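Participant: If you want the building blocks of each chain, they are given just below.
Protein chains: 2
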Amino acid sequence: MKKLTLGIDVGGTNIKLGLVNNLGKVVGRTSVSTRPYRHSKNQLLGALLAAVRSLLSEQGLKKENIQGIGIGLPGLVDPVHGVVNFLPNISGWKNVPLKKILETRLGIKTFLENDVNLITLGEWKYGAGRGIKDLVCITLGTGVGGGLIINNQLYRGAGFVAGEIGHMPLNETGPLCGCGGYGCLERYVGNRYVLQKAAKIFHRKNIDFIDIRRFSRQGNPRATLFWREMATHIGNGLAGVVNLLNPARIIIGGGVSNNHKYLFPRIRQVIKQRALKIPASTVKIVRTQLGDDAGIIGAQVLVNHEI
Amino acid sequence: MKKLTLGIDVGGTNIKLGLVNNLGKVVGRTSVSTRPYRHSKNQLLGALLAAVRSLLSEQGLKKENIQGIGIGLPGLVDPVHGVVNFLPNISGWKNVPLKKILETRLGIKTFLENDVNLITLGEWKYGAGRGIKDLVCITLGTGVGGGLIINNQLYRGAGFVAGEIGHMPLNETGPLCGCGGYGCLERYVGNRYVLQKAAKIFHRKNIDFIDIRRFSRQGNPRATLFWREMATHIGNGLAGVVNLLNPARIIIGGGVSNNHKYLFPRIRQVIKQRALKIPASTVKIVRTQLGDDAGIIGAQVLVNHEI
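Chains as they are written, first to last, in our numbering: chain A, 21 to 327; chain B, 21 to 327.
Derived by calculation from the structure, the hints in this document are not laboratory data.
Don't take every hint at face value.
Identical copies carry no separate label here, and so any pair may be met within one copy or between two of them.
[As the list claims (entries may be wrong)] Keeping only pairs whose Cα atoms sit at most 25 Å apart, straight-line, the calculated DSS-like set for lysine-lysine is:
#1 K120 x K23
#2 K297 x K114
#3 K45 x K23
#4 K114 x K292
Values in this document were obtained by computation on a predicted structure and should not be read as measured data.
Using the sequences and the hints given, assemble the complete structure.
Facilitator: Following this line, the structure appears as structure tokens:
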């Protein structure tokens with residue numbers, strides 16, 4: 021039997037588990053809600069182990085059939101030592117030697133990575149970045165995350181936190197960001213902030229992106245302006261990335277990228293206007309292709325690279 | 021006889037040539053003024069060839085003693101095809117196959133690179149970046165240039181123009197930059213702009229950095245403010261670089277870095293205030309160590325890597 025990878029994508033809402041073959045296809049999956057275990061590290065760990073065991077037995081698999089586990093986590097991870105340093109949205113996870121715990125309990129080699137880095141690996145190998153040596157992946161959501169592939173390798177940086185595109189400042193004096201900095205890209209285009217702005221623009225408290233898309237289809241000029249401003253901020257941030265890194269491709273993902281029709285033309289225009297001629301004309305701006313599976317598919321890439 | 025590298029650093033004012041041994045030491049040197057040949061490609065080429073030949077014969081060397089030529093150029097270079105695409109400050113250099121020309125005329129293997137990339141290679145291997153896997157080099161002068169070492173390799177980008185830190189925007193709406201963008205770092209801290217500003221602040225037309233240093237020593241508060249504002253702009257730009265790339269070191273060079281005493285403490289403070297905690301605490305901000313020789317020493321690193 022061909023060896024499979026077990027990909028695990030830990031999110032604030034749920035944990036997705038997938039069995040991925042060596043062609044990057046998901047051949048079995050399950051998920052666990054994170055919410056009941058948000059405040060107890062051991063309960064979350066227990067639920068995770070139970071989910072792994074039930075997925076394997078359901079598929080008639082033993083640990084010998086799994087070449088490795090790749091796990092993506094929403095926070096600070098030390099992939100070299102296999103330690104979860106800190107998860108901002110799941111309490112109790114501080115300096116947890118998760119690699120060692122899972123290897124001891126499951127007997128399967130395990131590798132940890134930041135969740136956006138796993139998505140980046142997945143998109144690079146099997147998605148929108150296939151065959152591209154140098155690329156940037158950005159995820160737009162409540163947070164704005166990023167991952168970098170440089171010379172066909174995931175680039176982690178000296179402290180394993182490279183790729184924080186969401187915290188590149190757009191302005192020298194700007195609004196305070198949750199990170200403690202000022203004027204960060206995330207502070208302009210993170211979901212919370214754009215929806216707060218939309219609530220004011222459209223005079224509606226609980227507005228969401230579906231509403232705004234509907235307004236756009238109805239030809240509402242305020243909706244046009246809303247997308248234009250958001251795309252301008254994203255384009256301004258990416259112009260700096262384009263000039264600094266001269267990537268061949270920028271892959272945009274996350275829930276908000278479903279609005280690519282309203283965002284991407286303006287993002288491309290701003291990059292063309294503001295970035296240097298050569299890097300602006302070298303770069304292609306595209307959507308992610310693997311959707312919600314990017315992380316678990318990326319786990320296969322990580323494990324195959326590490327083992 | 022131990023093989024030597026011939027390093028050539030082409031600048032707008034002069035061309036420096038140096039014989040560099042395999043310990044990164046310059047063991048012979050000469051230079052040619054660029055000015056008389058600024059408008060004729062062939063004359064500049066002739067002067068360069070003559071300088072190479074006279075340096076070799078002066079040192080009793082033959083082409084067999086030279087393992088390769090590394091040449092740094094102030095502009096757009098295609099290092100893979102060995103072509104000088106464009107030099108903004110030396111006219112007549114458009115799509116010149118300089119590698120082929122020099123190899124044919126001199127019979128020595130030749131490698132081309134952007135000048136700041138050569139400085140970066142030199143500082144990484146023999147200067148302020150020794151032993152560092154991931155670093156950023158920034159040169160402050162009329163232009164603000166940059167070079168990136170990632171995973172112990174020079175990172176060139178998809179169009180060979182990576183590292184343009186000087187053209188990262190500091191503000192979404194900012195003054196027009198020579199590159200066609202707006203609010204670029206260079207537009208705030210390039211020599212021309214800071215000296216224009218200084219002329220106003222100090223009510224003196226032809227002020228230079230030596231004057232401003234003198235004012236600082238005299239305790240002039242306007243001089244203190246001048247450096248502080250300049251360092252704040254640099255720090256704001258580098259905060260974005262730090263969050264995106266999480267480098268272990270940022271090496272600052274160029275003429276302006278002679279004022280490190282007035283600039284560096286504030287640059288470090290701004291990075292600490294604005295960048296994320298981990299990358300801000302990982303990075304060390306240091307001066308270049310090789311001074312004007314960084315480019316020709318970097319040529320040795322380039323040639324040794326390529327041959």
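Participant: What label fits K45 with K23 when the C-alpha limit is 25 Å: within, between, both, or neither?
Facilitator: within (12 Å within a copy, 53 Å between copies)
Participant: Checking K297 and K114: alpha-carbon separation at most 25 Å within a copy, between copies, both or neither?
Facilitator: Between copies, since 16 Å is at most 25 Å while 45 Å is not.
Participant: Up to 25 Å between alpha-carbons, please classify K120 paired with K23: within, between, both or neither.
Facilitator: within (22 Å within a copy, 50 Å between copies)
Participant: Within a copy, between copies, both or neither: where do K114 and K292 come within 25 Å Cα-Cα?
Facilitator: between (42 Å within a copy, 23 Å between copies)
Consistency note: the structure conflicts with none of the earlier hints.
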